[in-house]
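Working from the sequences, and respecting the hints, build out all of it.
So the chains spell out like this:
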Amino acid sequence: MALTNNLCPEQRRTRMMPGSAAVELHPAAELPPLAEAKLAAPRLRRGMVRRRRIEDALETGADAALTLVSAPVGYGKTTAVRAWCERSAAPFAWVTLDGQDNDLVRLWTYAAAAVDGVRDGLGRRALKRLRTPGVPIEAAVDELMNGIAAFGEQLTIVLDDLHAITAQECLASIEYAIERLPPSARLIVITRADPAFRLARLRARGALEELTAHELSFTAAECTELLVERGGLELSGEQIETLRKRTDGWPAALYLAALWLRTVEDQNRAVLEFGGGHRYVAEYLSHEVLDALDHDHRAFLLRIAILGGFTVELCDAVLARTDSARLLAELVESNMFVLSLERGEWFRVHPLFAEFAGAQLASEDPGAAALIHRRAARWLRSRGLYGEATMHASAAGDDEVVTEILSEHHLAMIRNGRAGTLLRWVRTLPDDCLLTHPELTAAAAGAATVLGHLTLERRRLVQLASRRKAEHPERFGPYAEALLATVRAASIDCGVGEAVAAGRHAVKFAERDADDVLVGALAALGGALYFAGELDEAWATALRAVEHPDAARRAPAHALARSTLALVAADRGRLTSARNHAERARAVVGRITSSRSWLGANAAVATGAVLAVDGDPAGAEHAFACAEHFFRDEVATIHHACVLVRLADARCRRGRFDEADTALRQARDALAELPDSGTIPARAAECEKTLERARRRASNGTMLAPPSEAESAVLRLLTTDLSAREIGGELFLSPNTVRSHTRAIYRKLGVRSRESAVARASALGLLERPRSPR
Amino acid sequence: MRARTYRLEVEGELGDLAGSVFSGMSMRHVHGNTVLIGSVPDQAALSGLLQRCADLGVTVLSINSVSGEPRE
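Those protein sequence lines, which keep their order, are chains R and C.
Following numbering that gives the first Met the number 0, the numbering of the first sequence begins with 0 at its first residue and continues without gaps.
Following numbering that gives the first Met the number 0, the numbering of the second sequence begins with 0 at its first residue and continues without gaps.
Mixed in with the good hints, there may be bad ones.
[Stated by the list, open to error] Quick list of the computed label-pair ranges, beta carbon to beta carbon: (1) His28(C) with Thr59(R): 36 to 46 Å; (2) Arg474(R) with Val59(C): 43 to 53 Å; (3) Gly396(R) with Ser25(C): 20 to 30 Å.
If you're looking for bench data, these hints aren't it; they were derived computationally from the structure.
Given the structure is predicted, the values throughout are model-derived calculations rather than measurements.
Just so you know, even glycine gets a beta-carbon here, dropped at the ideal spot from N, CA and C.
Set out below in structure tokens:
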């Protein structure tokens with residue numbers, strides 16, 4: 000049976016990775032504790048149907064880079080893949096994913112650790128990269144692929160429950176890995192829903208094998224094996240067919256049916272009634288199977304089912320009993336949908352069965368679930384498994400406990416690229432909890448800032464924290480003070496002047512009493528100073544941030560400060576330095592969040608500024624357009640206004656006057672909504688003048704002669720980013736011919752550069768014909 | 000975004016246990032299947048609803064936005 004563990008606990012009692020001593024000293028750089036439960040495949044149970052045709056299908060698919068086992072819950076996906084792994088006897092690395100793995104570093108740390116478990120050292124270099132701040136995730140994936148290639152033998156990597164991964168950047172990184180998988184390796188993905196991969200491309204290349212619910216449904220022969228040969232039931236062929244039809248060959252329902260029929264006296268009548276009924280099979284059968292258990296086993300199973308993943312120790316602690324080991328062994332033995340995992344002492348209840356058991360418990364004993372979750376949270380928290388503890392505390396409705404746990408870990412979460420997770424938890428909390436924990440509220444506002452597209456949410460959180468400060472200044476510590484001021488400085492929600500003041504305030508408090516947030520405060524102040532036009536001080540402040548000994552472990556602040564340094568250097572024409580800082584900014588962002596975030600947008604602006612100075616307006620336009628998209632939000636922000644002006648400028652240089660005009664107009668609209676925008680209105684005015692001049696210049700004068708037809712074709716392609724060679728490719732001309740046409744165009748238009756040629760041609764209306772079809 | 004009323008038809012007759020998962024929606028059995036009708040605040044809630052169906056292994060037959068309040 001396929002198993003999900005939405006509540007899969009992690010276990011710290013694992014092989015610690017090299018260098019973990021240093022990690023322990025700096026919680027900011029802490030990696031998720033490796034859980035044996037996550038890297039363990041389920042044990043195959045006796046009494047299960049060995050499905051040779053499914054194993055054969057997996058065997059024939061061995062040449063494909065990717066095998067997709069995609070079917071709803073209860074189709075035996077995990078079991079089938081596990082059985083094939085055993086049969087093929089080739090080494091395999093198994094990772095069971097859950098919702099918490101929507102986090103690049105965590106996801107690939109588990110994957111690399113699983114590969115490393117096949118043979119020590121295979122994943123070591125990748126793990127090392129994952130621990131190094133500023134290394135883009137692709138580099139770690141490349142290292143992992145190198146490790147796999149060096150292994151030389153056949154290797155299978157299994158990602159179970161891939162449907163739990165919904166973050167776009169995580170899916171993209173897996174796709175990246177699929178493209179680079181060495182021929183000796185194959186990836187098997189087990190999922191309830193097709194992943195958002197570009198499957199068509201893999202399919203076309205023959206690199207994709209698929210197993211779906213259609214194949215995984217039980218055949219008549221498999222039903223017979225399950226019910227009669229293994230189940231020991233005396234059923235006729237007709238009765239078996241009734242059951243198969245009624246369950247649609249759904250394996251989970253058939254297993255339940257086998258358990259149920261063993262407990263009824265008149266099997267003949269039971270099958271007949273079941274076949275004629277309409278009740279939803281999984282629910283009906285779960286209910287029947289649970290009811291047939293003796294009181295003790297039933298009560299135990301109903302309660303552990305809501306835990307997700309668990310150990311004997313956890314069950315004993317949560318249920319206040321000492322015989323969980325015996326009960327678990329008996330339930331596993333009788334195939335009661337309780338599975339033991341291969342490593343460690345972990346167990347899981349099949350998710351489908353757990354759903355109905357949970358509903359049953361809720362109807363019988365409404366308070367039980369909350370108590371179990373509360374105790375589980377306490378147990379997990381005492382073992383440092385705060386992610387899982389938070390889930391259980393939240394399920395118990397213990398907002399106070401959730402608040403406490405998050406308050407202890409919020410900085411580490413933001414710094415380790417888990418800002419989204421932090422914010423998701425904070426959203427579940429009532430305002431009362433946020434008011435009494437202003438440091439958490441301010442941190443959540445910081446998380447909303449670095450993620451981007453959440454301006455209104457950030458403002459609400461800042462307001463809540465500020466309210467606390469006004470109402471209870473005595474309970475508003477220096478740490479909350481510094482953090483809140485840092486967020487105000489970074490977000491520039493109340494104007495540039497206020498942001499600079501907040502930034503100075505944040506630095507002052509951080510220096511005195513809250514050293515932990517100093518790098519963030521410096522980075523935020525540097526950014527605000529840049530908008531204020533104080534380039535010298537912006538440079539010095541951002542430099543202090545990146546040179547601080549903690550900078551490497553303060554990724555968001557580090558990325559922001561690097562972006563500011565790149566902007567200042569670009570404004571001053573110091574190209575090498577600007578390029579270096581912009582690249583570092585991008586790399587740091589790549590490690591903790593997607594480029595579509597606010598931090599990513601800042602790095603994109605820095606990149607665009609470098610390209611603009613470097614004489615690459617096309618590249619600059621592209622970078623600014625990306626940044627513009629990432630900054631866009633429900634309300635105007637200064638960052639959005641600023642990038643619109645830059646975009647207008649880049650478009651103007653490319654002769655795209657109308658589009659430049661549109662961007663400029665949007666910038667003005669945004670600026671009209673904003674208080675005190677520092678140097679941006681002046682920049683906008685300057686850009687407008689440049690645009691007017693460029694338009695005038697472009698429409699002045701006449702052509703010496705109209706371009707020939709061939710020249711017109713080249714001219715139209717000059718508006719693209721294509722090189723002379725690529726233009727030649729488009730038009731079936733040699734690059735030299737393209738160059739000679741280009742020279743002729745320049746001469747006729749009286750210009751010296753590609754950009755001016757496009758600008759002039761645009762003004763003269765030479766580009767209005769549709770482009771030649773590609 | 001305003002809340003919409005959705006009508007969800009799933010295969011088989013859901014009992015009280017499965018029904019409790021869809022609390023807040025009206026439930027009735029029609030020709031051996033189950034029709035659930037209820038107000039869904041936004042698209043995130045709608046995909047959560049479909050996720051609940053997937054968790055229960057329930058086959059969704061149809062889903063429509065219906066105008067007006069649920070009658071049941």
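field: Whether the CB-CB distance between Gly396(R) and Ser25(C) falls inside 20 to 30 Å
entry: Because 26 Å falls inside the window, the suggested range holds.
message: Please check whether Arg474(R) and Val59(C) have a Cβ separation lying inside 43 to 53 Å.
response: holds, 50 Å
- prompt: Measuring from beta carbon to beta carbon, are His28(C) and Thr59(R) in 36 to 46 Å?
  reply: holds, 44 Å
When the structure is compared with the earlier hints, no violation turns up for any of them.
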